[in-house]
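Student: Single-letter residue listing:
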Amino acid sequence: MEFTAKDIASLIGGTIDGNPEAKVNKLAKIEDGEPQALSFLANPKYTQYIYSTKSTIVIVKSDFAPEMPVEATLLRVDDPYSAFAKLLEFYNNMQKEKTGVSPSAFISPSAKIGSNVYVGEFAFIGDNAVVEDNVKIYPQCYIGDNASIGKNTTLYPGVKIYHDCVVGSYCMIHAGVVIGADGFGFAPQNDNNYKKVAQIGNVIIEDNVEIGANTTIDRATLGSTIIRQGVKLDNLIQVAHNVEIGDNTVIAAQTGISGSTKIGRNCMIGGQVGIVGHITIADEVKIGAQAGVTGNVTKPGTIMLGAPAIDISRFKRSIAVFNNLDKLAYRVSDLEKALRQVLAEQQK
Amino acid sequence: MEFTAKDIASLIGGTIDGNPEAKVNKLAKIEDGEPQALSFLANPKYTQYIYSTKSTIVIVKSDFAPEMPVEATLLRVDDPYSAFAKLLEFYNNMQKEKTGVSPSAFISPSAKIGSNVYVGEFAFIGDNAVVEDNVKIYPQCYIGDNASIGKNTTLYPGVKIYHDCVVGSYCMIHAGVVIGADGFGFAPQNDNNYKKVAQIGNVIIEDNVEIGANTTIDRATLGSTIIRQGVKLDNLIQVAHNVEIGDNTVIAAQTGISGSTKIGRNCMIGGQVGIVGHITIADEVKIGAQAGVTGNVTKPGTIMLGAPAIDISRFKRSIAVFNNLDKLAYRVSDLEKALRQVLAEQQK
Amino acid sequence: MEFTAKDIASLIGGTIDGNPEAKVNKLAKIEDGEPQALSFLANPKYTQYIYSTKSTIVIVKSDFAPEMPVEATLLRVDDPYSAFAKLLEFYNNMQKEKTGVSPSAFISPSAKIGSNVYVGEFAFIGDNAVVEDNVKIYPQCYIGDNASIGKNTTLYPGVKIYHDCVVGSYCMIHAGVVIGADGFGFAPQNDNNYKKVAQIGNVIIEDNVEIGANTTIDRATLGSTIIRQGVKLDNLIQVAHNVEIGDNTVIAAQTGISGSTKIGRNCMIGGQVGIVGHITIADEVKIGAQAGVTGNVTKPGTIMLGAPAIDISRFKRSIAVFNNLDKLAYRVSDLEKALRQVLAEQQK
Chain F
1 MEFTAKDIAS
11 LIGGTIDGNP
21 EAKVNKLAKI
31 EDGEPQALSF
41 LANPKYTQYI
51 YSTKSTIVIV
61 KSDFAPEMPV
71 EATLLRVDDP
81 YSAFAKLLEF
91 YNNMQKEKTG
101 VSPSAFISPS
111 AKIGSNVYVG
121 EFAFIGDNAV
131 VEDNVKIYPQ
141 CYIGDNASIG
151 KNTTLYPGVK
161 IYHDCVVGSY
171 CMIHAGVVIG
181 ADGFGFAPQN
191 DNNYKKVAQI
201 GNVIIEDNVE
211 IGANTTIDRA
221 TLGSTIIRQG
231 VKLDNLIQVA
241 HNVEIGDNTV
251 IAAQTGISGS
261 TKIGRNCMIG
271 GQVGIVGHIT
281 IADEVKIGAQ
291 AGVTGNVTKP
301 GTIMLGAPAI
311 DISRFKRSIA
321 VFNNLDKLAY
331 RVSDLEKALR
341 QVLAEQQK
Chain C
1 MEFTAKDIAS
11 LIGGTIDGNP
21 EAKVNKLAKI
31 EDGEPQALSF
41 LANPKYTQYI
51 YSTKSTIVIV
61 KSDFAPEMPV
71 EATLLRVDDP
81 YSAFAKLLEF
91 YNNMQKEKTG
101 VSPSAFISPS
111 AKIGSNVYVG
121 EFAFIGDNAV
131 VEDNVKIYPQ
141 CYIGDNASIG
151 KNTTLYPGVK
161 IYHDCVVGSY
171 CMIHAGVVIG
181 ADGFGFAPQN
191 DNNYKKVAQI
201 GNVIIEDNVE
211 IGANTTIDRA
221 TLGSTIIRQG
231 VKLDNLIQVA
241 HNVEIGDNTV
251 IAAQTGISGS
261 TKIGRNCMIG
271 GQVGIVGHIT
281 IADEVKIGAQ
291 AGVTGNVTKP
301 GTIMLGAPAI
311 DISRFKRSIA
321 VFNNLDKLAY
331 RVSDLEKALR
341 QVLAEQQK
Chain R
1 MEFTAKDIAS
11 LIGGTIDGNP
21 EAKVNKLAKI
31 EDGEPQALSF
41 LANPKYTQYI
51 YSTKSTIVIV
61 KSDFAPEMPV
71 EATLLRVDDP
81 YSAFAKLLEF
91 YNNMQKEKTG
101 VSPSAFISPS
111 AKIGSNVYVG
121 EFAFIGDNAV
131 VEDNVKIYPQ
141 CYIGDNASIG
151 KNTTLYPGVK
161 IYHDCVVGSY
171 CMIHAGVVIG
181 ADGFGFAPQN
191 DNNYKKVAQI
201 GNVIIEDNVE
211 IGANTTIDRA
221 TLGSTIIRQG
231 VKLDNLIQVA
241 HNVEIGDNTV
251 IAAQTGISGS
261 TKIGRNCMIG
271 GQVGIVGHIT
281 IADEVKIGAQ
291 AGVTGNVTKP
301 GTIMLGAPAI
311 DISRFKRSIA
321 VFNNLDKLAY
331 RVSDLEKALR
341 QVLAEQQK
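Chains as they are written, first to last, in our numbering: chain F, 1 to 348; chain C, 1 to 348; chain R, 1 to 348.
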């Protein structure tokens with residue numbers, strides 16, 4: 001399939017700066033551009049490539065002002081990343097859809113399966129489970145007894161949903177995710193052994209949530225571990241029992257959130273962050289990668305870094321000194337020596 | 001089902017402070033309390049809720065002294081968390097048990113399967129594997145050749161046990177756990193390539209061990225990686241080849257232990273801790289979250305924090321200064337300036 | 001089977017120091033040595049054991065000079081670890097090989113399956129997938145549509161390869177690995193929601209790559225996430241979309257690499273390291289465990305540590321001061337007090 005700059009402008013809006021009849025038939029990164037490819041420029045780090053790219057059309061920000069001649073036809077839009085995302089989605093939707101229920105899946109007779117559902121090979125759907133319309137369940141998934149999956153949600157291969165858990169609509173859950181394993185709760189006994197605390201709650205995932213590969217979300221001891229609508233979780237994240245994550249909060253890979261912590265809405269949490277249990281984090285808080293949050297964060301919009309995490313500007317000032325801390329120590333030694341001489345001089 | 005305060009006291013012990021005929025039919029967190037619910041108060045952080053909870057009965061510590069009137073009937077016990085854990089277990093045990101061997105599981109003719117075993121759909125049990133009595137193997141698990149699973153152990157969906165590994169009795173292994181993958185061993189070659197070192201040992205998990213979702217425990221190069229009885233591992237933990245973890249040690253999520261390290265008994269290790277290889281950690285050591293342990297810890301009961309990890313009180317004193325380190329640097333600059341003036345004055 | 005010291009010398013080279021007819025029938029760690037076992041000594045930490053080991057033969061470095069009498073027959077080689085690795089491989093290759101295609105696997109009629117391939121139970125191979133000669137696919141693996149697996153590669157149980165991804169030859173991919181899940185890309189919208197950016201690229205794994213259990217490698221937004229030949233990845237590693245890892249780079253467990261970062265050849269990266277997105281790391285760089293790399297590393301061979309990561313010797317000097325930072329602060333306070341007295345004295 002071929003599209004002209006004009007076709008694309010009619011799809012995503014924007015104004016054409018160059019040949020409106022320029023033709024493209026593929027998508028490419030700006031630095032890997034080829035003739036007849038469409039690229040985009042959103043991150044300023046990549047601006048250099050626009051002068052050398054071989055791509056035929058490049059989507060740029062409305063106010064992009066080239067500092068050298070550009071060969072490509074430019075398509076100017078308010079938000080190049082969103083515009084490109086729209087095109088990627090358009091391209092993606094042209095792929096073949098999975099449909100039908102495999103005869104080699106196991107579906108309990110008491111499960112309720114909606115219309116237009118895909119159930120792949122060797123998937124397991126337990127007693128009284130509910131799978132709503134247009135759900136896609138890839139091969140080797142497990143949906144435990146009484147669990148439910150909302151309409152238009154996709155579970156990629158090997159997702160495991162334990163009994164009684166609830167997944168909303170329009171969610172996307174990647175391979176290897178485990179939802180509803182037991183929370184980590186043990187009561188210490190007098191003989192140094194631990195007695196398991198049964199975990200009889202569940203996990204509730206609301207609508208429009210995406211969960212990355214091999215992430216784990218534990219069921220609550222009592223009540224529910226809750227992932228609110230619009231949350232995006234990257235790969236290999238740990239969400240402990242009774243945690244609640246607010247609307248549209250985004251969390252990068254390998255972060256861990258300890259039990260009973262409540263995270264606000266619209267937060268952005270970097271990769272490999274650790275958050276202790278039983279605390280509350282306000283809305284719109286930003287936490288930098290590898291930070292360790294050890295107490296409540298009460299002020300919305302706080303930006304934190306470090307382990308233990310502190311205000312980001314505070315951390316940056318401290319770490320700048322840390323990076324030459326031995327020199328500061330030498331200056332203190334020099335001061336001590338100088339002062340001893342001053343004192344000796346005074347006592348003469 | 002309904003239970004009175006008296007019924008519950010007869011189950012878990014303790015003394016009733018209020019109406020012995022008060023009736024409950026569910027469990028709830030104290031902050032989510034409802035009429036006819038039973039709650040507990042163990043963590044002092046939640047004490048405030050006892051004055052407003054709608055729960056009919058609350059389990060509290062024997063010596064709990066309310067500062068305001070409490071509406072709920074109180075059940076006083078020595079250890080509310082353990083008592084509540086007992087009730088959760090009682091409730092959990094009332095759930096339907098999984099039984100029977102699915103016709104769609106694959107079981108090698110040479111495998112030995114005990115009595116009263118559950119084998120779920122699409123599970124694989126290899127040649128000469130041994131599965132003892134009362135074991136539960138959920139769908140899509142893999143038990144390699146010659147592996148063995150001790151009595152009353154549960155493997156949740158998708159657990160993978162490689163060949164020759166040994167799992168003890170009364171263990172609980174959560175979805176996605178991988179036991180016995182090759183240790184990470186390579187011999188550097190002259191051309192910058194690496195030659196794989198075959199890993200011909202195994203993993204031994206002793207009795208009463210619980211392992212959280214997606215945790216990985218590698219097989220030994222030679223000999224065994226050993227998880228001693230009573231150990232509790234949270235989710236997404238990495239245990240490298242030839243590691244040994246002592247009795248009843250508890251490790252939180254996302255911690256990593258490098259090859260050949262030996263950890264003592266009754267240790268408590270926080271989340272996201274890293275421990276280098278080829279070291280020994282004494283018994284009863286406590287390591288705070290995100291610490292990096294870089295050498296032997298010889299003194300039992302040591303409490304460590306930081307990366308590299310040091311004694312916790314040492315770390316806390318240092319980090320307190322770190323958090324205002326720029327100010328310390330300014331004070332040093334001020335001292336230098338003042339001293340120059342003093343010297344100038346002396347030389348007059 | 002029994003082998004003499006002479007047999008083993010003829011297999012791995014080296015000179016015999018002791019009885020050339022000494023017989024062994026098993027491999028053992030030097031510290032767990034038994035009669036008729038063969039052990040090796042490569043790590044100097046274990047030198048003490050050579051004087052007490054019960055092993056009959058020990059492989060040592062050519063220039064090993066005992067400080068006490070050694071009972072074992074010594075086999076002197078240039079590189080004991082590589083020699084022992086060769087023996088382990090020899091031993092490992094004597095194990096029974098998996099072969100044949102299970103009737104309970106699902107293989108799309110349009111998939112191309114080479115000769116001498118093993119496909120285990122409940123494995124799924126999608127439309128137009130290509131599986132070359134001598135590949136071993138263990139039970140419960142998933143190979144998506146159009147994916148390809150090069151000759152002599154092994155996929156252990158439960159590996160998930162998404163559609164369109166390419167795995168090279170002579171690779172080993174451990175249980176639970178997920179290759180080709182969507183990269184973590186979302187375009188922020190005005191209402192605090194995020195719009196998913198479709199990920200239409202793939203993952204390319206070149207030859208001789210080993211990937212540890214439960215590691216995740218995301219597909220590119222556009223183009224490919226690339227793991228170059230000879231790379232070794234440990235367990236639970238996160239590789240984000242559009243990352244490229246250069247030839248023979250080795251990465252320890254639980255490290256995370258953010259999107260679009262390019263890592264050079266022959267690098268060594270420790271465990272739990274975090275690397276930000278959109279940066280370039282030169283060849284032969286070494287990054288210590290738990291470091292956080294926040295910018296380009298342009299000088300080949302750089303050795304870094306800390307979070308944010310700095311030159312290792314710089315970090316070590318700073319952390320030495322940090323560990324007694326409170327004492328430095330007291331010295332500054334003492335200096336201030338002393339200086340005030342000096343000034344008071346001067347003003348008299």
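Some hints could be false.
You can't tell identical chains apart in this list, so a pair holds if it fits in one copy or across any two.
Straight-line distance between alpha carbons at most 27 Å, and here's what the computed DSSO-like set of lysine-lysine pairs gives [claimed, not checked]:
| hint | residue 1 | residue 2 |
| --- | --- | --- |
| 1 | Lys195 | Lys98 |
| 2 | Lys45 | Lys29 |
| 3 | Lys86 | Lys195 |
| 4 | Lys337 | Lys286 |
| 5 | Lys112 | Lys98 |
| 6 | Lys286 | Lys327 |
| 7 | Lys29 | Lys262 |
| 8 | Lys348 | Lys299 |
| 9 | Lys112 | Lys96 |
It should be emphasised that the hints constitute simulated quantities derived from the structure, not laboratory data.
Computed from a predicted structure; not experimentally measured.
Student: Each hint needs a verdict: does it hold in this structure or not?
Tutor: Tested hints:
1. With identical chains, the CA atoms of Lys195 and Lys98 are at most 27 Å apart between copies only, with a shortest distance of 22 Å across copies and 45 Å within one.
2. For a Cα distance limit of 27 Å, the shortest separation of Lys45 from Lys29 inside one copy, 13 Å, qualifies, whereas the shortest one across copies, 50 Å, does not.
3. For the homomeric pair Lys86 and Lys195, the shortest alpha-carbon distance between copies (9 Å) is at most 27 Å, but the shortest distance inside one copy (52 Å) is not.
4. In this homomeric assembly, Lys337 and Lys286 never come within 27 Å of each other (Cα to Cα): the closest approach is 45 Å inside a single copy and 39 Å across copies.
5. When the C-alpha separation of Lys112 and Lys98 is checked against a cutoff of 27 Å, the pair qualifies both within a copy, at 20 Å, and between copies, at 20 Å.
6. Taking identical chains as interchangeable, the C-alpha atoms of Lys286 and Lys327 lie at most 27 Å apart only when they sit on different chains, with a minimum of 25 Å there against 32 Å within one chain.
7. In this assembly of identical chains, Lys29 and Lys262 lie within 27 Å of each other by CA distance solely across copies; the values are 15 Å between and 39 Å within a copy.
8. Taking CA atoms no more than 27 Å apart as the test, Lys348 paired with Lys299 passes in neither setting, with 58 Å inside one copy and 51 Å between copies.
9. Taking the shortest Cα distances, Lys112 and Lys96 sit within 27 Å of each other both inside one copy (26 Å) and across copies (20 Å).
Consistency note: the structure conflicts with the earlier hints numbered 4 and 8.
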